[in-house]
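Novice: Take a look at the letters that make up each chain.
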Amino acid sequence: MPDLESFRAETREWLEANCPPEMRKPVKDEGDIYWGGRNATFKNDAQKAWFEACRDKGYTVPEWPKEYGGAGLSPAEGKVLRQEMAKIGARPPLSSFGIWMLGPALLHFGTEGQKQRFLNEIARGEIRWCQGYSEPGSGSDLVSMQTFGEDMGDHWVVNGQKIWTSYADEADWIFCLVRTDKQNKYQGITFMLFDMAAGGVTTKPIKLISGNSPFCETFFDDVSVPKSYGEDCPGYVGEINRGWDVAKYLLGHEREMISGAGGGDRTAAIGAAMKRNAGELDPVLRAELAQFDVDALAYTAMGEKFLDELKVGKAHPAQPNMMKYAGTELNKRRHELMMAAGGSRALEWESEETGGGKPSRNWLRTKANSIEGGTSEVMLNVISKRILDLPGA
Amino acid sequence: MPLYYDDDQAMLAETAQQFMGEEGAIPKQLRHWRDRDCKDGFGHGLWKQFAEMGFTGMLVGEDDGGLGMGHVEAGIVLEQIGRNLTPSPFLSSSVLAATALKHGGDDVRGRWLPGLIEGEKVYAVAIDEGAKHRPETIACRAEKSGNGFKLSGKKDFVVYGASSEMIVVAARTSGSDSDTDGVTLFAVPQDASGMSHDSVRLVDSSMASHVTFDGVELDGDAVIGEVDGGREVLNAMLMAGRVGAAAEGVGVAQGAMDMTVDYLKQRKQFGKLIGEFQALQHRAAHLYSEVEIARAVTIKAAQLLDGGSEKADLMASVAKAKVAKAAGLAVKEGVQMHGGIGMTDEYDIGLYMKRDRALQEFLGDQYYHAGRVAEMSGY
Ligand SMILES: Cc1cc2nc3c(=O)[nH]c(=O)nc-3n(C[C@H](O)[C@H](O)[C@H](O)COP(=O)(O)OP(=O)(O)OC[C@H]3O[C@@H](n4cnc5c(N)ncnc54)[C@H](O)[C@@H]3O)c2cc1C
Chain A
14 MPDLESFRAE
24 TREWLEANCP
34 PEMRKPVKDE
44 GDIYWGGRNA
54 TFKNDAQKAW
64 FEACRDKGYT
74 VPEWPKEYGG
84 AGLSPAEGKV
94 LRQEMAKIGA
104 RPPLSSFGIW
114 MLGPALLHFG
124 TEGQKQRFLN
134 EIARGEIRWC
144 QGYSEPGSGS
154 DLVSMQTFGE
164 DMGDHWVVNG
174 QKIWTSYADE
184 ADWIFCLVRT
194 DKQNKYQGIT
204 FMLFDMAAGG
214 VTTKPIKLIS
224 GNSPFCETFF
234 DDVSVPKSYG
244 EDCPGYVGEI
254 NRGWDVAKYL
264 LGHEREMISG
274 AGGGDRTAAI
284 GAAMKRNAGE
294 LDPVLRAELA
304 QFDVDALAYT
314 AMGEKFLDEL
324 KVGKAHPAQP
334 NMMKYAGTEL
344 NKRRHELMMA
354 AGGSRALEWE
364 SEETGGGKPS
374 RNWLRTKANS
384 IEGGTSEVML
394 NVISKRILDL
404 PGA
Chain B
7 MPLYYDDDQA
17 MLAETAQQFM
27 GEEGAIPKQL
37 RHWRDRDCKD
47 GFGHGLWKQF
57 AEMGFTGMLV
67 GEDDGGLGMG
77 HVEAGIVLEQ
87 IGRNLTPSPF
97 LSSSVLAATA
107 LKHGGDDVRG
117 RWLPGLIEGE
127 KVYAVAIDEG
137 AKHRPETIAC
147 RAEKSGNGFK
157 LSGKKDFVVY
167 GASSEMIVVA
177 ARTSGSDSDT
187 DGVTLFAVPQ
197 DASGMSHDSV
207 RLVDSSMASH
217 VTFDGVELDG
227 DAVIGEVDGG
237 REVLNAMLMA
247 GRVGAAAEGV
257 GVAQGAMDMT
267 VDYLKQRKQF
277 GKLIGEFQAL
287 QHRAAHLYSE
297 VEIARAVTIK
307 AAQLLDGGSE
317 KADLMASVAK
327 AKVAKAAGLA
337 VKEGVQMHGG
347 IGMTDEYDIG
357 LYMKRDRALQ
367 EFLGDQYYHA
377 GRVAEMSGY
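Chains as they are written, first to last, in the numbering used here: chain A, 14 to 406; chain B, 7 to 385.
Since the hints were made in silico from the structure, they are not lab data. Remember, it's a predicted structure, so these values are computed and weren't measured experimentally. We put the CB at the ideal spot given by N, CA and C, even for glycine. Accuracy of the hints is not assured; some may be wrong.
Straight-line alpha carbon distances no greater than 27 Å define the calculated DSS-like cross-link-like pairs of lysine-lysine that follow [unchecked claim]: (1) Lys274/B with Lys398/A; (2) Lys324/A with Lys317/B; (3) Lys317/B with Lys398/A; (4) Lys56/A with Lys217/A; (5) Lys317/B with Lys100/A; (6) Lys79/A with Lys41/A; (7) Lys371/A with Lys324/A.
Here's a subset of chain B near chain A, in silico, CB distances under 8 Å, partners left out [said to hold, decoys possible]: (8) Asp12; (9) Arg273; (10) Lys274; (11) Ala285; (12) Gln287; (13) Ala300; (14) Gly345; (15) Gly346; (16) Ile347; (17) Gly348; (18) Ser383.
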């Protein structure tokens with residue numbers, strides 16, 4: 014395909030000219046990730062330059078249409094860009110729940126007005142979104158959620174509580190599941206969009222075992238949510254009382270993202286690096302690392318196959334669940350082995366040598382991978398039901 | 007290149023699935039020959055049909071009368087072979103031996119390829135010396151003698167060796183046993199004097215030989231490729247064979263899994279279908295994900311091999327190891343979830359377990375290949 018090869022050459026040249034050397038180093042922790050939003054600050058000039066170059070080129074969301082802030086790349090071109098970025102170790106210029114979750118849902122269910130407004134804001138890193146799904150009584154059994162919106166004609170008055178809302182304290186807007194019909198479990202939920210600065214929204218950070226506080230309890234106390242933000246731009250996605258469809262569709266994209274299917278650190282082989290760090294490896298640990306690397310390299314191929322198939326509609330619609338299950342279990346194993354190879358040094362919680370306890374904090378953080386976005390057990394339930402078609406699943 | 011079948015490959019997959027599902031089915035081939043205690047372990051009639059389908063020479067170049075296809079295509083056929091447990095010399099003859107022969111000169115190719123393509127002849131490969139696959143060490147020796155060579159030594163696990171018209175033998179022509187260099191490949195005809203077979207039936211009903219070479223006289227034109235330069239050809243064969251064995255293993259895994267998932271939907275206990283028990287659902291779902299991953303990496307390895315990538319060797323080992331894990335899990339879970347009936351000879355699930363065991367050992371088991379992945383990665 015000559016076209017693709019010339020695109021590859023152009024891309025290489027563009028990356029060479031625009032991706033600063035600092036942005037070609039692996040992401041070490043949350044601080045290295047640029048999330049965008051109203052209050053965003055850049056860690057350094059390189060991060061800013063890289064983000065702005067990508068934003069202007071549509072490369073924060075390369076495969077979204079141009080009119081919504083993307084670059085309109087075909088699946089094949091998108092893959093080439095990913096490959097070329099991976100080759101030089103380029104970081105994602107912008108990360109956000111808008112890109113991974115809300116964006117795809119809007120592309121599928123949104124009105125033209127919603128797409129024009131919200132997708133462009135996401136692509137340009139202007140608005141940072143958080144996800145209001147889970148509640149204290151509704152985790153795996155999400156559809157039992159109770160947060161209620163009372164219909165007041167042109168708006169709802171929302172009351173209730175969400176929990177585990179990642180970055181709620183830093184987000185600008187929330188996409189939120191709100192019950193609008195108490196009689197109807199599945200067809201009584203509306204997928205609302207509203208500003209976290211609205212009156213009656215409060216957040217309370219929760220501290221994780223890793224010591225960080227990336228998520229919150231989120232309280233809604235008579236929050237007024239407009240039904241419309243202007244012409245052709247409703248305050249909800251899809252239809253009223255049909256938000257569960259949107260919620261599920263979005264979960265597919267969330268799971269795809271958490272699965273690490275796109276490659277990168279989460280799925281790379283680690284044996285060689287562990288040997289460099291640890292010197293001699295215990296033979297049994299070496300064997301475990303080798304087994305891990307087999308699984309990791311095989312999973313990387315699975316990620317490639319999954320994304321290729323997804324882009325052309327060949328993937329089973331429930332396949333993101335399998336990817337999430339396999340990818341997150343792999344990532345947990347990866348960090349177990351890194352801790353084992355790291356020895357007592359990896360136990361340090363605050364030392365400079367460990368960048369403030371990165372090995373142990375990252376290890377602990379990965380334990381959430383098989384919980385957030387749907388637990389491994391729930392993934393297995395979904396595979397049983399939707400892919401294997403097992404009875405009563 | 008996207009990591010899924012293109013239109014032609016998808017069509018081949020459909021053809022192969024239909025053909026193998028009918029002609030290569032368990033009652034028609036595996037059980038048929040096994041129950042008659044067939045000394046070949048496979049049916050020559052089916053091999054002829056393979057030729058008519060174009061399978062036998064699919065990896066052979068078009069100039070030599072083959073189809074000039076790649077390892078993705080060979081893998082497509084092998085997956086169906088695995089799924090139906092079809093006994094055939096395809097992997098040995100059309101993948102391993104054919105890969106070696108492709109490296110031969112005009113004489114060698116002209117002498118052996120037409121018979122393979124036409125399905126008239128069956129070839130075997132003799133690599134292992136001992137019960138485990140350790141191709142780094144080759145002790146079997148071919149000494150220069152007149153215009154040719156004199157071959158002495160022993161080989162093991164020569165699949166369908168006694169039924170083959172020719173055996174590709176990896177032998178040492180110089181240096182010491184564990185040298186990389188000094189290896190030469192020979193095409194040894196079945197009627198060569200001094201070659202003897204101790205042919206044994208394996209757990210999966212296939213036949214394999216312990217072959218003894220007692221001063222077998224070979225012409226110079228028995229050499230495939232360069233004298234002392236056979237390691238490269240051997241490595242090419244091994245990569246092709248490993249990716250092929252992985253593809254067959256994916257088929258075995260899929261076949262065992264399909265049977266098992268079907269059974270979960272039929273068998274009732276405690277007034278319920280056993281597939282309603284979450285303990286079994288989760289194990290089945292886990293198995294599904296392992297089999298999917300195994301297939302992905304197998305196609306990836308085949309694509310890399312076809313593209314001449316330097317990563318092919320690593321990924322061939324990853325694929326062989328990963329498939330061994332996934333297929334091993336599939337057959338073990340398969341027997342367990344069938345309960346007592348899974349232990350009976352009448353039921354097919356046990357046949358999958360047996361074939362998997364043989365495939366696990368063929369061209370290196372998961373431990374060998376995981377070790378290789380570590381070595382190639384630098385630890
Ligand atoms: C780091 C992190 C970030 C998160 N971010 C967000 C966010 O931004 N927004 C948001 O809305 N939510 C978020 N979540 C919440 C997450 O989606 C839930 O934690 C998750 O869905 C599980 O719900 P739960 O915690 O109530 O566990 P429970 O549902 O109570 O599960 C407890 C255990 O029971 C098992 N279990 C439950 N049901 C079944 C079943 N049917 N079969 C078998 N086993 C079962 C589970 O697998 C689990 O092991 C986040 C969670 C974490 C850890």
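Novice: Taking the hints in turn, state whether each one holds.
Specialist: Okay, the hints, checked on the actual structure:
no., hint, verdict
1, Lys274/B with Lys398/A, "holds (18 Å)"
2, Lys324/A with Lys317/B, "holds (25 Å)"
3, Lys317/B with Lys398/A, "violated (37 Å)"
4, Lys56/A with Lys217/A, "holds (25 Å)"
5, Lys317/B with Lys100/A, "holds (15 Å)"
6, Lys79/A with Lys41/A, "violated (31 Å)"
7, Lys371/A with Lys324/A, "violated (35 Å)"
8, Asp12, "violated (11 Å)"
9, Arg273, "violated (11 Å)"
10, Lys274, "violated (10 Å)"
11, Ala285, "violated (11 Å)"
12, Gln287, "holds (4 Å)"
13, Ala300, "holds (7 Å)"
14, Gly345, "violated (17 Å)"
15, Gly346, "violated (21 Å)"
16, Ile347, "violated (19 Å)"
17, Gly348, "violated (18 Å)"
18, Ser383, "holds (5 Å)"
Of the numbered hints listed earlier, those contradicted by the structure are 3, 6, 7, 8, 9, 10, 11, 14, 15, 16 and 17.
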